[in-house]
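Following the hints, complete the assembly by docking chain U onto the known chain V.
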Amino acid sequence: MDDFEARLKSVPLAKPSADMKRIIFGTEPGLSRLIGVFRRRIPLGWAAAFALATGIAGISGSQMWGGGAAAPLQPVVHVQIIKSPSDRNLFDFTVPAKDFMPGELTVNVQAPKEI
Amino acid sequence: MEKIYDQYGSRLYTCALAVTRRPELAEDAIHEAFCRGFRLTEVPRNLKAYMFRSVRNAAIDQLRQRRKTSSLSEDYIFDSSAGPRELVEQKQLKHQAAEALLKLSEDERETIVQHLYADLTFQEIADIRQRSIGTVTSWYRRGLAKMKDLVEN
Chain V
1 MDDFEARLKS VPLAKPSADM KRIIFGTEPG LSRLIGVFRR RIPLGWAAAF ALATGIAGIS
61 GSQMWGGGAA APLQPVVHVQ IIKSPSDRNL FDFTVPAKDF MPGELTVNVQ APKEI
Chain U
1 MEKIYDQYGS RLYTCALAVT RRPELAEDAI HEAFCRGFRL TEVPRNLKAY MFRSVRNAAI
61 DQLRQRRKTS SLSEDYIFDS SAGPRELVEQ KQLKHQAAEA LLKLSEDERE TIVQHLYADL
121 TFQEIADIRQ RSIGTVTSWY RRGLAKMKDL VEN
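Going down the list, the sequences are from chains V and U.
The opening residue of the first sequence carries number 1 in the numbering used here; numbering runs sequentially from there.
The opening residue of the second sequence carries number 1 in the numbering used here; numbering runs sequentially from there.
Don't read these hints as lab results, they were simulated from the structure.
Because the structure is a prediction, the values reported are computed rather than measured.
Glycine included, each C-beta is placed from N, C-alpha and C at the ideal position.
Hints are supplied without guarantee of correctness; some may be wrong.
To give a feel for the contact side, a few chain U residues facing chain V, derived at Cβ under 8 Å [what the hints assert, rightly or not]:
# : residue
1 : Gly9
2 : Tyr13
3 : Thr14
4 : Ile30
5 : His31
6 : Gln90
7 : Lys94
Straight-line alpha carbon distances no greater than 25 Å define the calculated BS3-like cross-link-like pairs of lysine-lysine that follow [stated by the list, open to error]:
#  : chain 1 : residue 1 : chain 2 : residue 2
8  : V       : Lys15     : U       : Lys103
9  : V       : Lys15     : U       : Lys48
10 : V       : Lys9      : U       : Lys91
11 : U       : Lys3      : V       : Lys15
12 : V       : Lys21     : U       : Lys48
13 : U       : Lys3      : V       : Lys21
14 : U       : Lys146    : V       : Lys9
15 : U       : Lys148    : V       : Lys9
16 : V       : Lys9      : U       : Lys48
17 : U       : Lys91     : V       : Lys15
Here chain V stands alone, though its shape is the one from the complex (with noise of 0.2 Å):
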């Protein structure tokens, strides 16, 4: 290196942001570890067979402990204001009503058979 060379060379360069480095590989210096583990491809005989032993121990859980029959569903039952005395919601219970309401109430309800 000539003397040229090592005047050029003696300029300070520009450098990258402090984050940068927190950017490319995860805020916890462990995390790009455990990032680079789960970025690393798996042969697709170990994928195929990860994946059948996962449902397979899923099936047997299930039937292990009861899961396979389904929750029955709750019954829900629709009404439907046709003709309220009052812009209010009459079914909100969540505000108390300050007093008794005169008038007519036309409601439509519909319900499930099984009720």
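Here is chain U on its own, set in the frame of chain V:
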């Protein structure tokens, strides 16, 4: 990969900045190159050369995609945050070197940055650029002679 970043991160950034001339594009190029590195199924024979080549390619891609998105760095690859304590002579040399570098051909400029500032050997540069060592050396010598002429006269 983290060791490669710790060892060569600043030099990779200098090389990326030499191509993009925009700090944020240079950082994006490095990020992209490392993401490509993470996806590798096998470690390349020369990981250092691979990373420098990958950063260069990513920087060229960034420049093609987002050429008009931001302003150019005035001091090129040099530190623009030196502040008032920087010696006048040093400041002048920085501007002269930046101007001179930008007057060179792309090949000459990049080779000077890679050899002088990123400390890559001519053989490594030849591997990265996929050119003969003779071509790379010739780019360097020619570029340096032009720079000397521009800076000293």
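Structure-based check of all given hints:
1. Of the supplied interface hints, the one on Gly9 (chain U) holds, with its beta-carbon coming within about 6 Å of a beta-carbon of chain V, less than 8 Å.
2. Because the beta carbon of Tyr13 (chain U) sits about 4 Å from the nearest beta carbon in chain V, less than 8 Å, this interface hint is met.
3. Given the 8 Å rule on beta carbons, the hint for Thr14 (chain U) holds: about 5 Å separates it from the nearest Cβ of chain V.
4. Taken as an interface hint, Ile30 (chain U) checks out: its beta carbon lies about 7 Å from the nearest beta carbon of chain V, inside 8 Å.
5. For His31 (chain U), the interface hint holds, since its Cβ comes within 8 Å of a Cβ in chain V; the closest pair sits about 6 Å apart.
6. At about 7 Å, the closest approach between the beta carbon of Gln90 (chain U) and any beta carbon in chain V falls short of 8 Å, and the interface hint on this residue holds.
7. With 8 Å as the threshold, the beta carbon of Lys94 (chain U) comes within range of chain V, its nearest partner Cβ sitting at about 5 Å, so the hint holds.
8. For the given pair, Lys15 (chain V) sits about 23 Å from Lys103 (chain U) by alpha-carbon distance, which is consistent with the 25 Å threshold.
9. Proposed proximity of Lys15 (chain V) and Lys48 (chain U) is supported: the alpha carbons are some 19 Å apart, at most 25 Å.
10. About 13 Å separates the Cα atoms of Lys9 (chain V) and Lys91 (chain U), which keeps this hinted pair within 25 Å; it holds.
11. This hinted pair checks out: Lys3 (chain U) and Lys15 (chain V) have alpha carbons roughly 17 Å apart, not beyond 25 Å.
12. Only pairs whose Cα atoms come within 25 Å are accepted, and Lys21 (chain V) paired with Lys48 (chain U) is accepted, the gap being roughly 17 Å.
13. Annotation: proposed proximity of Lys3 (chain U) to Lys21 (chain V) holds, straight-line Cα distance about 11 Å (limit 25 Å).
14. As the CA atoms of Lys146 (chain U) and Lys9 (chain V) are separated by approximately 16 Å, the hinted pair is consistent with the 25 Å bound.
15. Distance hint between Lys148 (chain U) and Lys9 (chain V) is fulfilled; the C-alpha atoms sit about 13 Å from each other, no more than 25 Å.
16. Between Lys9 (chain V) and Lys48 (chain U), the direct Cα distance comes to roughly 22 Å. Compliance with the 25 Å bound is thereby established for this hinted pair.
17. For the proposed pair Lys91 (chain U) and Lys15 (chain V), the alpha carbon gap of about 17 Å is at most 25 Å, so the pair holds.
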